[in-house]
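J.: Got chain U sorted already, so can you dock chain C onto it with the hints?
From first to last, the protein sequence lines are chains U and C.
With my numbering, letter number 240 in the first sequence gets 240, and the count goes up by one each step, no holes.
With my numbering, letter number 101 in the second sequence gets 101, and the count goes up by one each step, no holes.
I should point out that these hints are in silico values taken from the structure, not numbers from a laboratory.
Please note: incorrect hints may appear among the correct ones.
Listed next, the stretches of chain C that the computed footprint assigns to chain U, with coverage defined by at least 3 CB atoms under 8 Å from CB atoms of chain U [what the hints assert, rightly or not]:
| hint | stretch |
| --- | --- |
| 1 | 134-142 |
| 2 | 165-178 |
| 3 | 194-204 |
| 4 | 240-253 |
List of simulated lysine-lysine pairs, DSSO-like, C-alpha gap at most 30 Å [to be verified]:
| hint | chain 1 | residue 1 | chain 2 | residue 2 |
| --- | --- | --- | --- | --- |
| 5 | U | Lys255 | C | Lys7 |
| 6 | U | Lys271 | U | Lys33 |
| 7 | U | Lys259 | C | Lys174 |
| 8 | U | Lys220 | C | Lys128 |
| 9 | C | Lys128 | U | Lys242 |
| 10 | C | Lys48 | U | Lys271 |
| 11 | C | Lys48 | U | Lys135 |
Ideal placement from N, C-alpha and C gives every residue a C-beta, glycine not left out.
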Amino acid sequence: MGTVIEFANVTYNYPLTKRPAIKNLSLKIEEGKFYGVIGANGSGKTTLCALIRGFAPSFYQGKLEGKVLIDGKPTTEYGPGELALRIGYAFQNPFNQISGVKDTVFEEIAFGLENFGVPFEEIEDRVVDVMRLTKIEQLAMKNPFEMSGGQQQRLALASVLALNPGIFVIDEPTSQLDPEGTESVFEIIEMLKAQKRTVVLVEHKVDLLAEFADEMIVLKGGELIRFGDKQEILSDISLEEKGVQLPQYAVLGNKLINKGIALDYIPITEKQAVEVIGKAVRQGGAS
Amino acid sequence: MPYIELKDVSFAYPGGFLAVDGVSFSIEKGENVAIVGQNGAGKTTTVKLLNALHYPTAGDVVIGGESTKGRTTAQVSRTVGYVFQNPDDQIFHSTVYSEVEFGPRMMKLPEKQIKEQVDYALKITGMKRFREENPYNLPLSVRKFVTIAAIIAMDCDVMIFDEPTAGQDFNGNKRLSRIISELSGRGKTLITISHDMVFVADNFSRVIVMSNKKVIWDGKPEEVFWNMPVLEEAMLKQPYVSRICNALGLSGSVTRMDDAVEIIAKACGKNTSEDLEA
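Bound conformation, chain U alone (with noise of 0.2 Å):
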């Protein structure tokens, strides 16, 4: 599997603002594989997913030292609308997402696609996929702005999903959603990794992310501090200093280390918080 997504030294800094949002970032993502990003509020995780798209430095300008190559080629050199095709973007926030010229959810979703010269008659059948893969089909004729902000996240998911891009770069598409809504997300992005599509998803809900995502890339004050391996990663209990949350199957890990109770390794996810907890549990019975 090759590269689709590199940093090269990238430093970015919005306009008018001396301290860079991303510094000397370098990384690699490969194709079909689920990325997750965390590091606390402010540490550049949306910047960094505005660089994946292009949108920084073509739409926010400010200045971008360094490269962000696409299929190996400067996000810079891309034509307007290229990376369009080839990216899926998100937003943070859905009202951001919602192109404020249309009056139904339906030819919300199909709007991008009419942008893209998609054919009518294939129109219709991708946009009831996807309103019901994001259990949207009942809104199909409401108004995007009268829907609450869970909706509107559903709403911005299913316009990304329908335009079917190779490469997904998600942003916090969950933080509204109720626990049923949230598993809904993540059972959406397994089916687009079993598409072999890419995903980096920027979460806060960690625990989702032990168990679904493949890498995590982390953040702090614009710079990576870690990337890679999710295991080694979502269980080092030095990360909560630096203002990463880890899953609670982690802390209680670490917690019962800390008690002496000698663990294989530390879970990260229910599974292996089953097995290796009940494991303990059955020893120090026995003994």
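T.: This is chain C only, laid out in the frame that chain U set:
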């Protein structure tokens, strides 16, 4: 007599959409209550009925012995402060300070008291350092704390927080916990809506579960989070530490991290009280 009382309250929006259907509960002064449930379950509409942003279309809402009927939102909101789910529905000033100062100023409090209450609100929410900042220069998760400060500055007896945990990071959640315990310690009556079951289990002594416009359970966290039929009906899950205890058959009531550590350590044959001495 309870401080807040909902008596068989229903609410339908103009146009007929029923959002709350025959809800009854009462809350004593000084209680610290969470409301949980799916999107669309009626949580936000219910709390908006408490500060007269809505009036019941059937039943009655009584605050401090007085029905909200016939009282204006401005009158009721002196007693019941509501922090909106979306901070941008609430913020309209150009600096954090003027935003937070607006409420107490409208209440025509003495100058000295305004200053004290605003300073206190900025301090406990951590917004002091942003006092001269335009709220819209701050990220959404921080803007939420500006709106929380604006309500705290009014020093209402009852404060309602609508999904304060949405989009918060590790330190944001810790700060929310501190604010809730501080206000609770001051005898405030607090009502918080949240989708974060870990946060709910850690911070509240009572949980009201709503599903499909009705209250389906009302009790202590350990009663709610070990009641599988209720969780299933409300499409909720146990907090993670409850799940592991459940899977290992260790407890029927754990909802918090530290309790889980104790009970697992005990099951592993560790004498926990000795550990504490050592």
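J.: Are there at least three residues in the stretch 194-204 of chain C whose beta carbon sits under 8 Å from a beta carbon of chain U?
T.: n = 3 at 8 Å, threshold three: holds.
J.: Please verify whether Lys259/U and Lys174/C have alpha carbons no more than 30 Å apart.
T.: Cα-Cα ~24 Å, so holds.
J.: Decide if the proposed pair is consistent with the structure: Lys128/C and Lys242/U, CA atoms, cutoff 30 Å inclusive.
T.: holds, 22 Å
J.: Under 8 Å between beta-carbons, do enough residues of the stretch 165-178 of chain C, three at least, approach chain U for the coverage claim to hold?
T.: holds (count 8)
J.: Hinted pair, alpha-carbon criterion (30 Å max): Lys220/U, Lys128/C. Please report holds or violated.
T.: Since the Cα atoms of Lys220/U and Lys128/C sit roughly 23 Å apart, the hinted pair holds (cutoff 30 Å).
J.: Below or equal to 30 Å on CA atoms is what counts here, so check Lys255/U against Lys7/C.
T.: Violated, at about 45 Å.
J.: According to a criterion of three or more residues whose C-beta lies within less than 8 Å of a C-beta of chain U, is the stretch 134-142 of chain C covered?
T.: Coverage by chain U holds for the stretch 134-142 of chain C (4 residues, Cβ < 8 Å).
J.: Need the status of pair Lys271/U, Lys33/U: alpha-carbon distance at most 30 Å?
T.: holds, 21 Å
J.: Need the status of pair Lys48/C, Lys135/U: alpha-carbon distance at most 30 Å?
T.: holds, 27 Å
J.: Is Lys48/C close enough to Lys271/U, meaning Cα to Cα at most 30 Å?
T.: It is violated: about 41 Å lies between the C-alpha atoms, which goes past 30 Å.
J.: With a Cβ-Cβ cutoff of 8 Å, does the stretch 240-253 of chain C contain at least three residues near chain U?
T.: Contact hint for the stretch 240-253 of chain C vs chain U: holds, 7 residues under 8 Å.
Taken one by one, the earlier hints fail for this structure at numbers 5 and 10, listed in ascending order.
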